[in-house]
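Asker: For the record, the sequence lines run as chains R and G. Start counting at 1 in the first sequence, then tack on 287, and there's your number in my numbering. Start counting at 1 in the second sequence, then tack on 167, and there's your number in my numbering.
Worth flagging that the hints you see were computed from the coordinates, not collected in a lab. Note that the structure is predicted; figures quoted are calculated from it, not measured. Careful, some of the hints might be misleading.
To be verified - Derived DSSO-like pairs (lysine-lysine); straight-line CA-CA distance at most 27 angstroms:
| no. | chain 1 | residue 1 | chain 2 | residue 2 |
| --- | --- | --- | --- | --- |
| 1 | R | K330 | R | K355 |
| 2 | G | K252 | G | K360 |
| 3 | G | K252 | R | K355 |
| 4 | G | K252 | R | K330 |
| 5 | R | K330 | G | K360 |
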Amino acid sequence: MKMIIRYLMLSALALAGIPAAAQTVAVEVNGLVCAFCAQGIEKTLRKFDAVEDVFVSLEHRTVAFALKDGAELSDVTVSDAIRNAGYSVVAVERSDETLEALERRVRATHTP
Amino acid sequence: MKVPWFIAAAFAAAFGANGAQAKPIAFANGTTTMVEHGAGTMAEAQLFYAPRYWFSVGAGYLALGSDIDDFDRRISYVRANLLAKRWNLPAAQANVFAWGGLGSATGTGFGRETAVNAGAQIDYETRRIYGSLRTDWHRGDSFAHRIDTVQLGVAPYAHDYDSLATWFVLQGRQYSNRLYDGVEWALLLRLFKGGTWVEAGVTQDGHPQVMMMFNF
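Build out the structure end to end from the sequences listed, making use of the hints.
Answerer: In structure tokens form, the structure reads like this:
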């Protein structure tokens, strides 16, 4: 019995220590040329409960956002939201890196 | 689709500029408020709300004072703005806007009367150049004026969302029906960051021109 309790406690501790996989969505967008464009898209995305934080790079034509733990937002929903904000979606990509890591990676990339 | 720089430049030169530019619709669910002092010939204030990225509605006030004769017009209006067409390119955007509205006007030589207004704008912008051509028409029983504005803007560096945008803008403005003789040219410095835009400059007559706009 003691072994079972110890095993359960260790398992619980181990699980608590594992961070949930961060899910970040990066969208390549056409038409992003000014701060007002970025402002409009950021405002649109922040309305979703699933969105934790948003990053927009005009230089890299990228709109990226972090999803809250356990939250989901389909590619279709994301694309529709950006299209309804007035911009064209080229591609939607998902990764497990954090938004901060994605931002660093994007900023280190030369403009296409 | 990548637009060669010389085509973009030719387009900007032909149609003026408006990139870091004043648009009647900023973004969906956004509110735009703008005030402009146009070198003593015109002054305008506007407030628009856009429920969609392609449509906004609001109100404005326009004061016109003749640089030639001693008359003025004061026009209050409600207006609907439509984004008729947008081209989203990889590093550029082009738009065609149209608007129309109804209001009332008073002025030298006439009492309050109904006024109509209509206009259109075409613009093209990248993060380094922008051009726009705008025409704005106001008419009542006792007056009719058209204000045509061309702008060509150049940015010394490409701004991003989190940095200050700086633009040098050459503006030409022509007023009809004896508001101003010839084309009123102005050199402007335009700065914006986030939803705040400030623009100031001077005309060839040495008159100050100032515009401020806030989007939220």
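Asker: For every hint, state whether the structure bears it out.
Answerer: Evaluation of the provided hints:
{"no.": "1", "hint": "R:K330 to R:K355", "in the structure": "holds (17 angstroms)"}
{"no.": "2", "hint": "G:K252 to G:K360", "in the structure": "holds (26 angstroms)"}
{"no.": "3", "hint": "G:K252 to R:K355", "in the structure": "violated (36 angstroms)"}
{"no.": "4", "hint": "G:K252 to R:K330", "in the structure": "holds (22 angstroms)"}
{"no.": "5", "hint": "R:K330 to G:K360", "in the structure": "holds (15 angstroms)"}
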